[in-house]
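Respectively, the protein sequence lines represent chains P and C.
Going by this note's numbering, the first residue of the first sequence is number 1, and it counts up by one from there.
Going by this note's numbering, the first residue of the second sequence is number 1, and it counts up by one from there.
It is worth saying that the hints were derived from the structure and are not from the lab.
Bear in mind that the values here come from a model prediction, so they are computed numbers and not experimental data.
One or more of the hints may lead you astray.
[Unchecked claim] When the alpha-carbon atoms are kept at most 30 Å apart in a straight line, the in silico BS3-like pairs for lysine-lysine are as follows: (1) K234/P <-> K96/C; (2) K271/P <-> K240/P; (3) K123/C <-> K309/P; (4) K234/P <-> K8/C; (5) K309/P <-> K44/C; (6) K245/P <-> K234/P; (7) K271/P <-> K234/P; (8) K277/P <-> K216/P; (9) K309/P <-> K96/C; (10) K150/C <-> K123/C; (11) K96/C <-> K240/P; (12) K216/P <-> K240/P; (13) K262/C <-> K3/P; (14) K10/C <-> K44/C; (15) K10/C <-> K216/P; (16) K271/P <-> K282/P; (17) K216/P <-> K245/P; (18) K123/C <-> K96/C; (19) K282/P <-> K245/P; (20) K3/P <-> K8/C; (21) K245/P <-> K96/C; (22) K277/P <-> K234/P; (23) K282/P <-> K240/P; (24) K271/P <-> K216/P; (25) K10/C <-> K240/P; (26) K96/C <-> K44/C; (27) K309/P <-> K245/P; (28) K216/P <-> K234/P.
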Amino acid sequence: MPKRRDILAIVLIVLPWTLLITVWHQSAINPLLAARKDDRHGSRRDSRNTFTLKKPCSFENKNIVEVVRTEYVYSRPPPWSDILPTLHVVTPTYSRPVQKAELTRLANTFLHVPNLHWILVEDSQRRTPLVTRLLRETSLNYTHLNVETPRNYKLRGDTRDPRIPRGTMQRNLALRWLRETFSFNNRHSQPGIVYFADDDNTYSLELFEEMRSTRKVSVWPVAFVGGLRYESPKVNTLGKVYGWKTVFDPHRPFAIDMAGFAVNLRLILFKPQAYFKLRGVKGGYQESSLLRELVTLNDLEPKAANCTKVLVWHTRTEKPVLVNEGKKGFTDSNVEI
Amino acid sequence: MATRMKLKLKTVFVLYFMVSLMGLIYALMQLGQRCDCAEHDMPKDRTISRLRGELHRLQEQMRKAEPTKPPQKLAVKPAQPTIYVITPTYTRFVQKAELTRLAQTFLHVPQLHWILVEDSPHKTPLVSGFLASSGLAYTHLHTPTPRDRKLQEGDPSWLKPRGAEQRNEGLRWLREDRRGQPGADTQLGVVYFADDDNTYSLQLFEEMRGTLRVSVWPVGLVGGMRYERPVVEGGKVIRFHTGWRPSRPFPLDMAGFAVSLKLVIANQDACFDGDAPMGFLESSFLQGLVTMDELEPKAENCTKVCVGWGWRLCG
Numbered sequence: 001m002p003k004r005r006d007i008l009a010i011v012l013i014v015l016p017w018t019l020l021i022t023v024w025h026q027s028a029i030n031p032l033l034a035a036r037k038d039d040r041h042g043s044r045r046d047s048r049n050t051f052t053l054k055k056p057c058s059f060e061n062k063n064i065v066e067v068v069r070t071e072y073v074y075s076r077p078p079p080w081s082d083i084l085p086t087l088h089v090v091t092p093t094y095s096r097p098v099q100k101a102e103l104t105r106l107a108n109t110f111l112h113v114p115n116l117h118w119i120l121v122e123d124s125q126r127r128t129p130l131v132t133r134l135l136r137e138t139s140l141n142y143t144h145l146n147v148e149t150p151r152n153y154k155l156r157g158d159t160r161d162p163r164i165p166r167g168t169m170q171r172n173l174a175l176r177w178l179r180e181t182f183s184f185n186n187r188h189s190q191p192g193i194v195y196f197a198d199d200d201n202t203y204s205l206e207l208f209e210e211m212r213s214t215r216k217v218s219v220w221p222v223a224f225v226g227g228l229r230y231e232s233p234k235v236n237t238l239g240k241v242y243g244w245k246t247v248f249d250p251h252r253p254f255a256i257d258m259a260g261f262a263v264n265l266r267l268i269l270f271k272p273q274a275y276f277k278l279r280g281v282k283g284g285y286q287e288s289s290l291l292r293e294l295v296t297l298n299d300l301e302p303k304a305a306n307c308t309k310v311l312v313w314h315t316r317t318e319k320p321v322l323v324n325e326g327k328k329g330f331t332d333s334n335v336e337i
Numbered sequence: 001m002a003t004r005m006k007l008k009l010k011t012v013f014v015l016y017f018m019v020s021l022m023g024l025i026y027a028l029m030q031l032g033q034r035c036d037c038a039e040h041d042m043p044k045d046r047t048i049s050r051l052r053g054e055l056h057r058l059q060e061q062m063r064k065a066e067p068t069k070p071p072q073k074l075a076v077k078p079a080q081p082t083i084y085v086i087t088p089t090y091t092r093f094v095q096k097a098e099l100t101r102l103a104q105t106f107l108h109v110p111q112l113h114w115i116l117v118e119d120s121p122h123k124t125p126l127v128s129g130f131l132a133s134s135g136l137a138y139t140h141l142h143t144p145t146p147r148d149r150k151l152q153e154g155d156p157s158w159l160k161p162r163g164a165e166q167r168n169e170g171l172r173w174l175r176e177d178r179r180g181q182p183g184a185d186t187q188l189g190v191v192y193f194a195d196d197d198n199t200y201s202l203q204l205f206e207e208m209r210g211t212l213r214v215s216v217w218p219v220g221l222v223g224g225m226r227y228e229r230p231v232v233e234g235g236k237v238i239r240f241h242t243g244w245r246p247s248r249p250f251p252l253d254m255a256g257f258a259v260s261l262k263l264v265i266a267n268q269d270a271c272f273d274g275d276a277p278m279g280f281l282e283s284s285f286l287q288g289l290v291t292m293d294e295l296e297p298k299a300e301n302c303t304k305v306c307v308g309w310g311w312r313l314c315g
C-alpha cells in the first residue's frame with residue numbers, strides 16, 4: 001500500500017507539469033490555428049514575397065501604428081493591385097427615365113473602389129448605346145452583357161408584384177459568364193468576390209472593403225428592407241449567424257436582401273449548378289434559391305462589426321412624375337437623359 | 001515496490017530546483033537571439049507587411065504616372081476657382097444614404113468646399129460624424145426653419161418651398177468668411193445650390209467652374225418633364241423650355257444654375273425668399289443678381305443633359 005507521503009510527492013511532481021503543459025498548449029495552438037485558416041493570404045513558403053521584414057520576436061512591434069496620409073489623387077479609378085481580391089459587382093439594369101442617373105451615381109461610387117470589376121447586364125434585346133457610352137466614359141473596368149427577360153416573365157411595370165423577381169435572368173447570365181471566364185483549376189488567378197448590386201441602392205465605400213475578406217459567403221445588415229429600418233442577421237457571441245432579425249418571414253432559409261451578401265468566386269466556380277431559381281419562387285425567397293445551393297447557415301461570415309453597422313441602403317427611386325410631357329412628348333426625345 | 005516508493009519530499013524539491021535552473025539558463029541563452037519566427041510569426045503581421053509593400057509600390061506607380069498626364073492638365077492655374085456647394089438637409093430615414101451618395105460624387109471634384117446646412121436647432125451627431133469621416137473640405141452649419149414655413153406631416157412635398165433659410169444661412173456664412181479674407185484671389189469661386197436628393201455628373205462641376213456671373217444648363221427629370229432647359233440663340237438665353245409656369249422670371253430648377261462668388265459678395269442682400277410662392281424660390285434669388293441676357297449657357301449651349309437630375313428618393 002503506497003504511503004500517503006508518496007502520493008503527495010507524486011501529485012506534487014505531476015500537477016505543475018500538467019499546468020505548464022496546458023498553458024503552453026493553449027498559447028501555442030491558437031496562433032497555429034489562425035495560420036491554417038489564413039492560408040488565403042499565401043503559403044508560408046511564399047518565396048515571391050520580397051517585402052517581408054525580418055523582425056526579432058519582440059513585442060514592441062505591436063504598438064507601432066503607421067499613419068499613412070494619402071493625399072487624394074484625382075485619378076480615376078484607383079490603380080489595379082495584384083494582391084487585393086477583385087470585386088465582381090453584378091448589376092442588372094433596364095431602360096427607364098432614371099436609368100442614366102442611377103448608373104451615373106453608381107459609377108461615381110465605384111470609382112473609389114480599387115480592384116472593382118463591374119458586370120452590367122441589360123434587360124434588353126441589344127446593348128443600348130446609352131449604357132455603352134456611359135460605361136466607356138467612366139473608365140471603369142467593366143463587362144457589358146445583355147439578356148432580355150421574356151415578355152411573360154416581365155413585371156407589368158408594377159414593383160408590387162412579387163411573383164416574378166426582376167433581374168433574375170440577368171444575374172444568372174453574369175454567373176454563367178463568370179464560370180466561363182474563370183477556371184476553378186487555375187491556382188494563380190486572382191481571388192474574387194461576387195456581389196449583386198442593384199442600380200438603385202446606395203453603397204458606402206466601407207462595404208466593399210468589408211466584403212473583400214469573404215471566404216465563402218459573408219452577410220451584413222441592409223437598411224430599408226422588409227418594411228423595417230433595417231434587416232440584419234442574428235449573430236451569437238461566437239460570431240456565427242444563427243437566425244435572421246426580420247419581420248417578413250424570418251423562417252426563410254436565408255432571410256436576406258440581394259444587397260446583403262457576397263460570395264467568394266471560388267465557391268461560385270466550385271458549384272457550377274448554383275443559379276437563381278427563375279420559376280416558382282415565392283416573394284423574398286430569391287436569395288435563398290441561390291444561397292442554399294452554396295452554403296449552410298453555419299458557414300456564413302458576419303461582417304460590418306458583427307452585423308451591427310449599416311453599410312448599404314436599399315433606397316428606391318420614386319418614379320418621376322412626367323405628366324407634363326403630354327401625349328406627343330413635350331421635350332426632344334433625341335436628348336438623352 | 002517498497003524500495004521504488006522511497007520518494008522523499010526533499011528529492012522532489014531538489015528535482016524541481018534543478019529543472020527550473022536549467023530552464024532559466026536556457027531562457028537566458030535565448031534572450032537577444034533572433035529566433036526562427038516560422039512558427040510564431042503571426043499571419044496578420046505578415047499580411048500587414050506585405051500590404052505595406054504593396055501600398056508603397058502603388059504610390060510609386062501613381063507618382064510615376066503623374067508626369068505622363070496630358071499637357072493641358074499641367075497648364076491649369078494653381079488658383080483654380082473653388083466650387084462652394086450649399087446643401088440644405090434635414091433628418092429623415094434616407095438622410096445618411098443621400099449624403100453618402102452625394103459625398104461619393106463630390107470626392108471626385110477638385111477644389112470643392114461643401115457647405116452643409118441642417119434644418120435643425122443644433123448640429124446632429126449623425127451629420128457631424130458623417131462629415132468628419134467623409135474626406136471632404138466642409139463647413140457644417142445649422143438653422144431651423146420657422147414652424148409656419150415647415151412642411152407638416154401629410155403635406156405634399158411641393159406645398160412649401162424647402163431649404164430657403166438653410167441656403168440663406170450658407171450664403172451668410174460664405175459672405176462673412178470672405179469678408180475676413182480680403183484679396184482678389186479669395187473672391188474667385190462659384191456657388192452652387194445642390195440638394196441632397198439629386199444626382200450630379202462630374203462634368204457639371206467642370207462646366208460651372210468658369211462662371212463669370214450666372215451660368216445655366218438643362219436639368220433632367222424635373223418640372224413634370226424629361227428635362228427643363230434654357231433656349232439659347234446666338235450664345236444668349238432667350239427663354240426657357242419648361243412645362244410648368246414658364247412665365248416665372250427665372251423658370252429653372254435650383255440645380256440648373258450657378259452663381260459666381262464675386263456676384264454673391266457684391267450683392268450682400270441677395271437671398272432666397274422663403275415666403276415666395278411655389279417655384280419662385282430661384283427667381284427670388286436671381287432677380288436681384290442678373291438679367292436673362294446676362295446668363296451664360298453651359299453644357300454645349302444647353303443641349304446636353306449631362307447634369308443634375310432632380311427627383312425625390314424614397315426608401
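Results for each hint:
1. K234/P <-> K96/C: holds (24 Å)
2. K271/P <-> K240/P: Status holds; Cα separation ~23 Å.
3. K123/C <-> K309/P: Satisfied, since the Cα-Cα distance of roughly 22 Å is no more than 30 Å.
4. K234/P <-> K8/C: violated (59 Å)
5. K309/P <-> K44/C: OK: K309/P and K44/C at ~24 Å, within 30 Å.
6. K245/P <-> K234/P: holds (6 Å)
7. K271/P <-> K234/P: holds (26 Å)
8. K277/P <-> K216/P: holds (20 Å)
9. K309/P <-> K96/C: holds (13 Å)
10. K150/C <-> K123/C: OK: K150/C and K123/C at ~18 Å, within 30 Å.
11. K96/C <-> K240/P: Given that 30 Å is the threshold and the Cα spacing comes to 28 Å, the pair holds.
12. K216/P <-> K240/P: holds (13 Å)
13. K262/C <-> K3/P: violated (103 Å)
14. K10/C <-> K44/C: Cα-Cα ~48 Å, so violated.
15. K10/C <-> K216/P: violated (59 Å)
16. K271/P <-> K282/P: Answer holds: K271/P to K282/P is near 23 Å, not above 30 Å.
17. K216/P <-> K245/P: holds (21 Å)
18. K123/C <-> K96/C: Given that 30 Å is the threshold and the Cα spacing comes to 14 Å, the pair holds.
19. K282/P <-> K245/P: With a Cα-Cα distance of about 19 Å, the restraint between K282/P and K245/P holds, given a limit of 30 Å.
20. K3/P <-> K8/C: Distance ~11 Å between K3/P and K8/C Cα, so the pair holds.
21. K245/P <-> K96/C: Satisfied, since the Cα-Cα distance of roughly 22 Å is no more than 30 Å.
22. K277/P <-> K234/P: holds (25 Å)
23. K282/P <-> K240/P: holds (27 Å)
24. K271/P <-> K216/P: Holds. K271/P to K216/P sits at ~12 Å (cutoff 30 Å).
25. K10/C <-> K240/P: violated (53 Å)
26. K96/C <-> K44/C: Answer violated: K96/C to K44/C is near 33 Å, above 30 Å.
27. K309/P <-> K245/P: Satisfied, since the Cα-Cα distance of roughly 14 Å is no more than 30 Å.
28. K216/P <-> K234/P: holds (18 Å)
The structure shown violates the earlier hints numbered 4, 13, 14, 15, 25, 26.
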